[in-house]
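J.: Chain by chain, the residues:
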Amino acid sequence: MTAVEEVPTSAAGNPIGFGRMVRKEDVRFVRGEGNYVDDVNLPGMLHGAILRSPFAHAKINSIDTSAALELPGVVAVVTGKDLEGLGLAWMPTLSYDTQAVLATDKVRFQGQEVAFVIAESRYIARDALELIDVDYDPLPVVADAKKALDPGAPIIRDDKEGKTDNIVYEKWEAGDEAVTDAAFAGADVVVTQEILYPRVHPSPMETCGSVAHMDPVTGKLILWTTTQAPHAHRTVYALVAGLPEHKIQVISPDVGGGFGNKVPIYPGYVLSIVGSIVAKRPVKWMEDRSENLMSTGFARDYHMTTSIASTKEGKILGVKVDVLADHGAFNGVAQPTNYPAGFFSIFSGSYDYPAAYCKVKAVYTNKAPGGVAYACSFRITEAVYAIERIVDCLAQELKMDPAELRLKNLLRPEQFPYKSPTGWEYDSGEYEKTMKVAMEMVGYDELRKEQAEKRAKGEYMGIGISFFTEGVGAGPRKHMDILGLGMADGCDLRVHPTGKAQVRLSVQTQGQGHETTFAQIVSHELGIPPEDIEVIHGDTDNTPFGLGTYGSRSTPVSGAAAALVARKVRDRARIVAAAALECAPDDLEWELGRWFVKGDPERGKTIQEIAMAAHGSLELPEGVEGHLDAQVVYNPPDLTYPYGCYICVVDVDPGTGQVKVRRFVAVDDCGTRINPMIVEGQVHGGLADGVGMALMELIAFDEDGNNLGGSFMDYLLPTSMECPDWELGETVTPSPHHPIGAKGVGESATVGSPAAVVNAVIDAIAPFGVRHADMPLTPANVWRAIQGNPIRTDMAVE
Amino acid sequence: MQTPAPVEYAKATSIADAISRLEALGEDSRPVAGGYSLIPMMKLRLARPETVVDLNGIAELRGIRVEGNELVVGAMTTHADVLSSAILFEHYPIFREAEHVIADPIVRMRGTIGGSMCQADPASDLSAVGSALRGTAVIAGSAGTRTVPLREFHDGPYETVIQTGEILTELRYPIRPGAGSAYEKVERRAGDWGVCTSGVFVVVSGGVITECGIGMAAVNADHYCAPEAEALLTGKAPTEENLKAAADAAANEANPNADQRGPVDYKRHLASELTLRALRRAVAASQGA
Numbered sequence: 028m029t030a031v032e033e034v035p036t037s038a039a040g041n042p043i044g045f046g047r048m049v050r051k052e053d054v055r056f057v058r059g060e061g062n063y064v065d066d067v068n069l070p071g072m073l074h075g076a077i078l079r080s081p082f083a084h085a086k087i088n089s090i091d092t093s094a095a096l097e098l099p100g101v102v103a104v105v106t107g108k109d110l111e112g113l114g115l116a117w118m119p120t121l122s123y124d125t126q127a128v129l130a131t132d133k134v135r136f137q138g139q140e141v142a143f144v145i146a147e148s149r150y151i152a153r154d155a156l157e158l159i160d161v162d163y164d165p166l167p168v169v170a171d172a173k174k175a176l177d178p179g180a181p182i183i184r185d186d187k188e189g190k191t192d193n194i195v196y197e198k199w200e201a202g203d204e205a206v207t208d209a210a211f212a213g214a215d216v217v218v219t220q221e222i223l224y225p226r227v228h229p230s231p232m233e234t235c236g237s238v239a240h241m242d243p244v245t246g247k248l249i250l251w252t253t254t255q256a257p258h259a260h261r262t263v264y265a266l267v268a269g270l271p272e273h274k275i276q277v278i279s280p281d282v283g284g285g286f287g288n289k290v291p292i293y294p295g296y297v298l299s300i301v302g303s304i305v306a307k308r309p310v311k312w313m314e315d316r317s318e319n320l321m322s323t324g325f326a327r328d329y330h331m332t333t334s335i336a337s338t339k340e341g342k343i344l345g346v347k348v349d350v351l352a353d354h355g356a357f358n359g360v361a362q363p364t365n366y367p368a369g370f371f372s373i374f375s376g377s378y379d380y381p382a383a384y385c386k387v388k389a390v391y392t393n394k395a396p397g398g399v400a401y402a403c404s405f406r407i408t409e410a411v412y413a414i415e416r417i418v419d420c421l422a423q424e425l426k427m428d429p430a431e432l433r434l435k436n437l438l439r440p441e442q443f444p445y446k447s448p449t450g451w452e453y454d455s456g457e458y459e460k461t462m463k464v465a466m467e468m469v470g471y472d473e474l475r476k477e478q479a480e481k482r483a484k485g486e487y488m489g490i491g492i493s494f495f496t497e498g499v500g501a502g503p504r505k506h507m508d509i510l511g512l513g514m515a516d517g518c519d520l521r522v523h524p525t526g527k528a529q530v531r532l533s534v535q536t537q538g539q540g541h542e543t544t545f546a547q548i549v550s551h552e553l554g555i556p557p558e559d560i561e562v563i564h565g566d567t568d569n570t571p572f573g574l575g576t577y578g579s580r581s582t583p584v585s586g587a588a589a590a591l592v593a594r595k596v597r598d599r600a601r602i603v604a605a606a607a608l609e610c611a612p613d614d615l616e617w618e619l620g621r622w623f624v625k626g627d628p629e630r631g632k633t634i635q636e637i638a639m640a641a642h643g644s645l646e647l648p649e650g651v652e653g654h655l656d657a658q659v660v661y662n663p664p665d666l667t668y669p670y671g672c673y674i675c676v677v678d679v680d681p682g683t684g685q686v687k688v689r690r691f692v693a694v695d696d697c698g699t700r701i702n703p704m705i706v707e708g709q710v711h712g713g714l715a716d717g718v719g720m721a722l723m724e725l726i727a728f729d730e731d732g733n734n735l736g737g738s739f740m741d742y743l744l745p746t747s748m749e750c751p752d753w754e755l756g757e758t759v760t761p762s763p764h765h766p767i768g769a770k771g772v773g774e775s776a777t778v779g780s781p782a783a784v785v786n787a788v789i790d791a792i793a794p795f796g797v798r799h800a801d802m803p804l805t806p807a808n809v810w811r812a813i814q815g816n817p818i819r820t821d822m823a824v825e
Numbered sequence: 005m006q007t008p009a010p011v012e013y014a015k016a017t018s019i020a021d022a023i024s025r026l027e028a029l030g031e032d033s034r035p036v037a038g039g040y041s042l043i044p045m046m047k048l049r050l051a052r053p054e055t056v057v058d059l060n061g062i063a064e065l066r067g068i069r070v071e072g073n074e075l076v077v078g079a080m081t082t083h084a085d086v087l088s089s090a091i092l093f094e095h096y097p098i099f100r101e102a103e104h105v106i107a108d109p110i111v112r113m114r115g116t117i118g119g120s121m122c123q124a125d126p127a128s129d130l131s132a133v134g135s136a137l138r139g140t141a142v143i144a145g146s147a148g149t150r151t152v153p154l155r156e157f158h159d160g161p162y163e164t165v166i167q168t169g170e171i172l173t174e175l176r177y178p179i180r181p182g183a184g185s186a187y188e189k190v191e192r193r194a195g196d197w198g199v200c201t202s203g204v205f206v207v208v209s210g211g212v213i214t215e216c217g218i219g220m221a222a223v224n225a226d227h228y229c230a231p232e233a234e235a236l237l238t239g240k241a242p243t244e245e246n247l248k249a250a251a252d253a254a255a256n257e258a259n260p261n262a263d264q265r266g267p268v269d270y271k272r273h274l275a276s277e278l279t280l281r282a283l284r285r286a287v288a289a290s291q292g293a
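One line per chain: the protein sequences are X and D, in this order.
Numbered continuously in our numbering, the first sequence closes out at residue 825.
Numbered continuously in our numbering, the second sequence closes out at residue 293.
Just chain X, with the same shape it has in the complex (with noise of 0.2 Å):
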């Protein structure tokens, strides 16, 4: 087990092994020398742009594309009668549903992709789309999940056979509800809330895209495209255009920001390659800000009829949600086939108590194919979210201070391996040390008493607090897989003869840091310098297979797979050393990055010498291979737990319902942190994230299914001026079951942060009687909550 140590130093100064160092992939992009696919321009490239429904629920009469392909410089349009003929109007979704390339029938959301246009430069594409003229016939419009289930709502999937209602899928359950509803009908106290977790969007600063060169000679295809998991969308891409999956390489260059937003496969990136194979020219499709913003993976929808059951001493009995789930138009998810509500059903948090039960309703909508993830961990997001906004509903019902609350029903670190009463086995964990450690960097009791004088003056300050368990690294592969396809991550490494290595990873950075931190976790297995072990990714002719970086899964998987493959190294260079020092492996004592004799220690070999030796005219044992090279895939044994304690303050103008974030005390622990400066930009990021989703980030429709957040004057993102100095604390707990004890941090921030920022905002006017508000809390939605007549905020203003 390792917790963060000391280590030596490198010549560059870097710790061999764990420890703080500069990201090696900066020099490149502080030059802005980074190399992202809209940086790829292939010899006879084309461009393609996508015409959108400007309509959500239409039906089609007609297309024509004569006006457009007489644009000069146009090379083809495609629309959907195109592909029928090639069987590609339609491609499976990640979760076994179906969704339209180019629509044939109808459009069934605004911003849906309805021809391509393929031209010489991006400049005629897009100014072909203007000249096709598509002939609608606009249809009634289901905008409100709420009412896709009412008698008489038009029919969103009526190209699916025998579909006569909106239903995704009726129940998904999990817990038991006869012992939940025992546990509430024994309780003092039982507190009801209706909690929404509007739709907001993963907006990375890089849009999607692809640029797809079908070689019309050998029958490769190469496909630069920007995708989180270039494995699965090969072989995705195989199975459904029927291409040989030896002759399609994907290659994921530089990424800029994922956030779930680059799971999924979008119709784009397969118009890329059709109008590759049409031109036998390269094609790029490149989409814009809005098309990103509105037709690309959406998250949450999630609207949760959340109770608490406790006795009035604040002992929780248990917790029941009831969620209607708006998956849009087509069920797009991204998530472990078992799982259809990913692992929303960890909701019952980080308490103890031995009830708890949820059930699920999906709904079609004419709203963009929403539900993928977005740095939800699989809707931990919506989980805690929904845990931690009752839990502050259930104090202020008792009366009692948030922080007591959850002291008091914790779970205690002798429960640790400990079995979720809905199913979940949390790894390790000392939750009340965590807290108390965020309670006191923050000056809890002191905040309180500020709050108290404040309020006698008619000033209005809130206190918010959040205790989350992460569920990360998915996943076992008998429980987990995507497409049949199963959660195991594969590793190579290559140690060359002069003692410098690399290491192949199935995982793909978006920003992560990945170059640095594998490089680190080799080095702390083998004592080769970082500087010294590239980091390969991205490109599936050269990496092995994997089910990519999504789910915070990167450190948990392929960081146990880095790991073991470089245990596997140094057990063969334990073979190489004892060959060249003339005596039995089981002589030798391991020292970072030197074999040496049990008892003398000045006869050994680095890990240098060995490498060379390996590679040369030394004689090895019968059996033993040359040569200093090893491959593993690693089946994660289970999920890993990362959890923290978050305590935001906030200043409330209740003139205007203004807020302002004042502090953010954030205590991570997600076990061993290999490199310390990276997991604190990643919590960073992911409380600026939070803030955003809790304050101001939304994507809202009105009544005829117009997305209001189009564009980022619509769709706000916080700045520098919304985000308090973070204040970062940390305590590790090692998971017991991961090489290295790491857990996983991308998403902790964002899975923990929002509550956080609600609660602090409802603690903050709860003496106008407020309990409960949606994000995001804007201005207006503040002051309206303290007239006590809150926004409902996934439909328009009203």
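Derived from the structure by calculation, the hints contain no laboratory data.
Among the hints, erroneous ones may be present.
Ranges of calculated distance between the beta carbons of each label pair, as one might list FRET restraints [claimed, not checked]:
#	chain 1	residue 1	chain 2	residue 2	range
1	D	Lys-15	X	Val-244	44 to 54 Å
2	X	Gly-682	D	Gly-145	28 to 38 Å
3	X	Arg-819	D	Thr-151	40 to 50 Å
4	D	Val-111	X	Gly-708	23 to 33 Å
5	D	Ile-91	X	Thr-746	26 to 36 Å
6	D	Val-111	X	Met-232	13 to 23 Å
7	X	Leu-176	D	Leu-50	43 to 53 Å
8	D	Val-111	X	Leu-113	39 to 49 Å
9	D	Asn-259	X	Val-54	47 to 57 Å
10	X	Asn-816	D	Gly-67	47 to 57 Å
11	D	Lys-15	X	Ala-793	58 to 68 Å
12	D	Asp-108	X	Gly-708	14 to 24 Å
13	D	Asn-259	X	Pro-681	21 to 31 Å
14	D	Asp-108	X	Pro-703	48 to 58 Å
Some, not all, of what chain X presents toward chain D, calculated at C-beta under 10 Å [stated by the list, open to error]:
#	residue
15	Arg-316
16	Val-651
17	Asp-680
18	Ser-738
19	Pro-745
20	Glu-749
21	Pro-751
22	Asn-808
Note that CB positions come from ideal geometry on N, CA and C, so glycine has one too.
With chain X's structure known, arrange chain D on it following the hints.
T.: Only chain D this time, still in chain X's reference frame:
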């Protein structure tokens, strides 16, 4: 990448050159100042001029000076220059307060006061400031120059009285010794358009308000001002009660629409609340002057 429709570009070298080009090119041309409204609209293809005439090379359109009892600001003066102007701040701190909450530093480096006035966005902060101060616009055309009071400058949202072949050259604001001024704005996020804004000046003399101006943006007040509220205050003592009555009157002169920034009741409330807050500070400043 957003791709605008095809467009021609011409760089004007003087006011006369700009006017003659715009006149010759006619209605399908647009002058471009900082470009922070026009260019995004072109990229979204909401605007598609055939030619843009760039005014950035015309030095005589920049600068801030005092002329007689007026402050004169060249139309191509950037937000950043308005923000940092000691002359404007000395007479009307409202300029600095408003500029502090306009967009972000990057936009303020290129965006101009004239571009902002001519865009006439309903949420335009400087339009509210200009109307509050009862400034005038100086407009040049081939027939010569004309001046138009800013309270007659707008023909509706995004529409001004400027005709094809004319450009705005200057903005003029009367100097009022002893005036106090203040600007209040609620926005959802730094850099967003206001949900509602209010900017005021008052001159308090001999215990009464002798002159005042109230401007509001983002709530569809006619010409961004509240004349009935001003009339209520003029000649009255600056008591909290009188300020409150004027603020409520201002809210009645607002005609807000519901949108994602907020519902009507909230925006109307803000019109009153922000006007009251601005009046309090302006009165305190005038009394301290």
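J.: Does each hint fit the structure? Answer for all of them.
T.: Quick rundown of the hints versus the structure:
1. Checked against the hint of 44 to 54 Å, the pair D:Lys-15 and X:Val-244 passes, with Cβ atoms roughly 49 Å apart.
2. Between X:Gly-682 and D:Gly-145 the beta carbons are some 46 Å apart, a value that contradicts the proposed interval 28 to 38 Å.
3. Under the hint 40 to 50 Å, the C-beta atoms of X:Arg-819 and D:Thr-151, about 49 Å apart, fit the expected range.
4. Checked against the hint of 23 to 33 Å, the C-beta distance between D:Val-111 and X:Gly-708 comes to roughly 27 Å, which is consistent with it.
5. A hinted range of 26 to 36 Å for the beta carbons of D:Ile-91 and X:Thr-746 is consistent with their spacing of about 30 Å.
6. Range check, D:Val-111 to X:Met-232: about 18 Å between beta-carbon atoms, so the 13 to 23 Å window is met.
7. For X:Leu-176 and D:Leu-50, the Cβ-Cβ distance of about 37 Å falls outside the hinted range of 43 to 53 Å, so the restraint is violated.
8. For D:Val-111 paired with X:Leu-113, a C-beta distance near 47 Å keeps the hint of 39 to 49 Å intact.
9. Separated by about 56 Å at the C-beta atoms, D:Asn-259 and X:Val-54 satisfy the suggested range of 47 to 57 Å.
10. The supplied range of 47 to 57 Å is met by X:Asn-816 and D:Gly-67, whose beta-carbon atoms lie about 50 Å from each other.
11. Here the CB-CB span from D:Lys-15 to X:Ala-793 is close to 59 Å, well matched to the stated 58 to 68 Å.
12. For D:Asp-108 and X:Gly-708, the hinted distance range of 14 to 24 Å is satisfied, since their beta carbons lie about 23 Å from each other.
13. The hinted range of 21 to 31 Å is satisfied by D:Asn-259 and X:Pro-681, whose Cβ atoms lie roughly 25 Å apart.
14. The hinted range of 48 to 58 Å is not satisfied by D:Asp-108 and X:Pro-703, whose Cβ atoms lie roughly 32 Å apart.
15. This hint holds: X:Arg-316 has a C-beta 7 Å from the nearest C-beta of chain D, less than the 10 Å allowed.
16. The beta carbon of X:Val-651 is not positioned within 10 Å of any beta carbon in chain D (closest approach about 55 Å), and the interface hint is therefore violated.
17. Because the beta carbon of X:Asp-680 sits about 9 Å from the nearest beta carbon in chain D, less than 10 Å, this interface hint is met.
18. Checking X:Ser-738 against chain D by beta carbon gives a least distance of about 7 Å; that is within 10 Å, so the hint holds.
19. Here the hint on X:Pro-745 is kept, as its CB sits about 7 Å from the closest CB of chain D, short of 10 Å.
20. Interface restraint check for X:Glu-749: the shortest CB-CB distance to chain D comes to about 6 Å, inside 10 Å, so the restraint holds.
21. Interface restraint check for X:Pro-751: the shortest CB-CB distance to chain D comes to about 14 Å, outside 10 Å, so the restraint is violated.
22. Given the 10 Å rule on beta carbons, the hint for X:Asn-808 holds: about 8 Å separates it from the nearest Cβ of chain D.
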